[in-house]
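J.: Listed below, chain by chain, are the residues.
4 protein chains.
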Amino acid sequence: MREYILTISCPDAVGIVAAVTTFLAVSDCNIKDSAQFGDPATRLFFMRTHFSAGDNAPDLETLRASFCATAKRYHMNWNMVRADERCRMLIMVSKQGHCLNDLLFRHRSGALRADIAGIVSNHETFRDVAEWQGIPFHYLPVTPETKEEKEKELLFMVEKEKIDLVVLARYMQILSPELCGALAGRCINIHHSFLPSFKGAQPYRRAHERGVKLIGATAHYVTANLDEGPIIEQEVQRVDHAHTPEDLAAIGRDVESIVLARAVRLHIEHRVLVNGNKTVVLR
Amino acid sequence: MREYILTISCPDAVGIVAAVTTFLAVSDCNIKDSAQFGDPATRLFFMRTHFSAGDNAPDLETLRASFCATAKRYHMNWNMVRADERCRMLIMVSKQGHCLNDLLFRHRSGALRADIAGIVSNHETFRDVAEWQGIPFHYLPVTPETKEEKEKELLFMVEKEKIDLVVLARYMQILSPELCGALAGRCINIHHSFLPSFKGAQPYRRAHERGVKLIGATAHYVTANLDEGPIIEQEVQRVDHAHTPEDLAAIGRDVESIVLARAVRLHIEHRVLVNGNKTVVLR
Amino acid sequence: MREYILTISCPDAVGIVAAVTTFLAVSDCNIKDSAQFGDPATRLFFMRTHFSAGDNAPDLETLRASFCATAKRYHMNWNMVRADERCRMLIMVSKQGHCLNDLLFRHRSGALRADIAGIVSNHETFRDVAEWQGIPFHYLPVTPETKEEKEKELLFMVEKEKIDLVVLARYMQILSPELCGALAGRCINIHHSFLPSFKGAQPYRRAHERGVKLIGATAHYVTANLDEGPIIEQEVQRVDHAHTPEDLAAIGRDVESIVLARAVRLHIEHRVLVNGNKTVVLR
Amino acid sequence: MREYILTISCPDAVGIVAAVTTFLAVSDCNIKDSAQFGDPATRLFFMRTHFSAGDNAPDLETLRASFCATAKRYHMNWNMVRADERCRMLIMVSKQGHCLNDLLFRHRSGALRADIAGIVSNHETFRDVAEWQGIPFHYLPVTPETKEEKEKELLFMVEKEKIDLVVLARYMQILSPELCGALAGRCINIHHSFLPSFKGAQPYRRAHERGVKLIGATAHYVTANLDEGPIIEQEVQRVDHAHTPEDLAAIGRDVESIVLARAVRLHIEHRVLVNGNKTVVLR
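Chains as they are written, first to last, in numbering that gives the first Met the number 0: chain A, 0 to 282; chain B, 0 to 282; chain C, 0 to 282; chain D, 0 to 282.
Just so you know, the hints here were simulated from the structure itself, not pulled from any lab data.
Please note: incorrect hints may appear among the correct ones.
Said to hold, decoys possible - Incomplete in silico selection of chain C near chain A, CB under 7 angstroms: (1) Thr-21; (2) Gln-233; (3) Val-238.
Claimed, not checked - Have a look at the derived ranges for each label pair, beta carbon to beta carbon: (4) D/Thr-41 to A/Gln-236: 42 to 52 angstroms; (5) D/Thr-124 to A/Asp-246: 32 to 42 angstroms; (6) B/Pro-176 to A/Arg-85: 49 to 59 angstroms; (7) D/Arg-72 to A/Asp-246: 30 to 40 angstroms.
Claimed, not checked - Quick list of in silico lysine-lysine cross-link-like pairs, DSS-like style, CA-CA up to 27 angstroms: (8) C/Lys-31 to D/Lys-198; (9) A/Lys-161 to A/Lys-146; (10) B/Lys-71 to A/Lys-31; (11) A/Lys-31 to B/Lys-31; (12) C/Lys-198 to A/Lys-198; (13) C/Lys-31 to D/Lys-71; (14) C/Lys-94 to C/Lys-198; (15) A/Lys-71 to B/Lys-198; (16) B/Lys-198 to D/Lys-198.
Even glycine gets a Cβ: it sits at the ideal position worked out from N, Cα and C.
Isolated chain A, as found in the complex (with noise of 0.2 angstroms):
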């Protein structure tokens, strides 16, 4: 059987829902799950609809250009994928390793409807790991003096590769303006604290100097700003007076792994839909 993904944004009007669904009956095609939302604060609209094709059912391609009118008419940004198309997944990390272990086992498990296409990294701790694994490890060092170039080659490689995205996976290095640019939308990052607390740097001593009760992670789309890009999913777990800054990283680190995990997953699925600099999340 095959099935198809519909992720739509657009003005908020009526009758988008019925149009839709009336193109995927018309087209033989069966709704298997669906969901939409309006934002009255925006007056947009988003829909992620996951529907099986019938045996009359048009291939994808003519799906996609029949749909043309519809998309059209209520000035939709769209975008109709098989359900079971792979994403093409690039890992970038530094010297921490929990979420790119955690990656790499949803990866090996079947957890993970993606290929991990490279793993990147501006030390040699991991090459071993991603070596074992059968993934090709590139080793980016990055100084001021090369940022420029080393991120023009990580965008090559990007562009190569067919990367769809790329996953900061405790990756310490900030990202300029324009590579952000450049992976907008498609380069998830996961921040060591509950975002907007602690934006920046050493979020786990400064979380223990605050005396915080719980701390927690944030994965989010990055921008050129900051910790400032919508954020996918957020964590927390509870702490208390006795532990020290170790320890709430230490804490931290499994709950920096399941955000990013789940955030992953959510793009991956196409679940993820921006909205200015918050995420429609549609489940």
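With chain A's structure known, arrange chains B, C and D on it following the hints.
T.: Coordinates of chains B, C and D only, in the frame set by chain A:
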């Protein structure tokens, strides 16, 4: 602006969403939010649509009448109501008042779209609270001998007062199978455990004996099988070895109040559809 | 059985626990539970011991007098009180009554070991609730001109009524630095965000703008720095893109009530010791 | 600096804490942190003290010898070990590798104070993972006929390798009562439900059938009664009607990994004391 809520459950089939949304579009109605779910196990389909009527939309009676054709075609159980219709609620309580106090405050502060038509109790404990808030209080003591008669009295009250929802807010009497049947789908109970753990009596004492590290509460529709009805909402709270059964009960009271209030709100907003012995909660 | 609670903070040193527990043993007192914490950062030591007095134990005054030698040796800040002593509490509130309602119910049902000596408000909204429960209600409207005078009045009340704890249960006025100083360590505020995120005004509106996926509440001791005092307790609740700022406020009310109630209980039970701008919470 | 951990369980009595802390003080030992609990139900007392030895403190053997007098007086079960002693761990697994992967990463990254002496499995699935990390892999297929023999082999390995802790990281075989007895208090299992709900086989399928709104995992010491041993740690995660049993299993894997890792760490740090069929967890 007139607003309505349409809820549907029916056998799954191709084109239901299209049929419903097209009906709304041609009736000059605009979808505000909509959620649906097709259960692959039971092959049943569930939908809840909140829509507003445009200037040229017919009135509710006409909308209902004209929807019948679509409803019949898909063998729907359905309901179409005004979104601002207030639920008429009857609260039953014994001697523990935390859930009652919580519901009364929400009612008083406008957080629940409901009218509390009365409070029924087998004790006089909360008469003064009820009377202070101008809510009729019914003292309905139950003994094995009077149970049948008292339940008839209760059911009579439910009919006469056109009660939409009976809330057992820590009402410590077991309803007869007959009464459960008469109130099917419109009677919510709060059980003070994380079901299916600790069904029946004294769940906190038994949770203490078992040494669990989390305690919980469960709001469910009442059925003739004790604590076995469709679960609407559950929540837990962390506890530890130092907590006595009394501590567990005290901690649990907060969880119970929250869980019951959430379940009542979900029911009032027509978000809970029964699916065999389970619920579909369309947020 | 007489029971007492001893709380201690002092510079860390070898032998403190031995000295305290030996003092208790030789005084025919039996430890019921005890917790301690040595902060490696500040080199301060904190201890809370709940003990019962045997038949041959001296009375509280004598215990206090004889403990002085030990206390002096270790430069202790300390406090020894009857475990069943009731805290005299003053609640301040503006127009949002959920925390007040929650505290009043806990008080009424015996869940808080406290007497509510009065309710102070800059509005008349809750006069009838207070009076129904027989609690003195003080209407204390504040304008820029009258603020100094009204705060004096308040402080006079605190002295006269021997208030142990002032609870700002959604009191929407900022206290002057002088008043904060006078109430240091005995005034708890509930802030409707997960601090340090969204300090100051309108946290729910700002949380909505930022698109966070969890909202929270924070109970803290009031200091002259707005929303910067030592944090006692925090909690969060999951939200999503579909929630309006008003939805966040409604969800947040439950979190605020729970967090404030927990902090008040911890304070009443002498479990919260201040450690610079942080708290040590000895459970 | 030499550091030790002392754990005690004994009948409750006046003066135990004083006796222990005085013993430490006179032995030139300084308490770093200490926790105790007196169970009012069983009249048993539990204590865990982490202390450092001063320059004039005797060595561990002497400390142990000299503590005997105190221990005898109070009928203590006790244990005094070096705080940096590494736990020798044996991991047993079948075909689901998420808990194994999680434990191996924690081990590799230094987050667990343990040596993994071997991995035992009734399948060959994880031989390559084990060998890549240089951990001995033991293939131990079990059939009804060979079970007794294979368990003897296992027990022999436990003795020979001086294993402190056997971790059943989703090992899908039931241990015989004899083996359970031999490993009492040093064998931790992860069960993929929130016990006591869904004991036994296929908990996720049964959770799906019951329509629960939260699923969980439980780490417990193994006893001859299946899934009835003392609970060390539990956690839950929210699910909804749209999740299939496979979705529940996928969500559950994250919960299982976290709960098992926490329980293992608590055990390794000597924080878990058995109290009948319950645990006292001294943090």
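J.: Determine for every hint whether it applies to the structure shown.
T.: To see whether the hints hold, each was checked on the structure:
no.	hint	in the structure
1	Thr-21	25 angstroms, violated
2	Gln-233	4 angstroms, holds
3	Val-238	10 angstroms, violated
4	D/Thr-41 to A/Gln-236: 42 to 52 angstroms	31 angstroms, violated
5	D/Thr-124 to A/Asp-246: 32 to 42 angstroms	34 angstroms, holds
6	B/Pro-176 to A/Arg-85: 49 to 59 angstroms	53 angstroms, holds
7	D/Arg-72 to A/Asp-246: 30 to 40 angstroms	36 angstroms, holds
8	C/Lys-31 to D/Lys-198	36 angstroms, violated
9	A/Lys-161 to A/Lys-146	22 angstroms, holds
10	B/Lys-71 to A/Lys-31	22 angstroms, holds
11	A/Lys-31 to B/Lys-31	21 angstroms, holds
12	C/Lys-198 to A/Lys-198	15 angstroms, holds
13	C/Lys-31 to D/Lys-71	22 angstroms, holds
14	C/Lys-94 to C/Lys-198	20 angstroms, holds
15	A/Lys-71 to B/Lys-198	56 angstroms, violated
16	B/Lys-198 to D/Lys-198	15 angstroms, holds
Checked against the numbered hints above, the structure violates hints 1, 3, 4, 8, 15; every other hint is satisfied.
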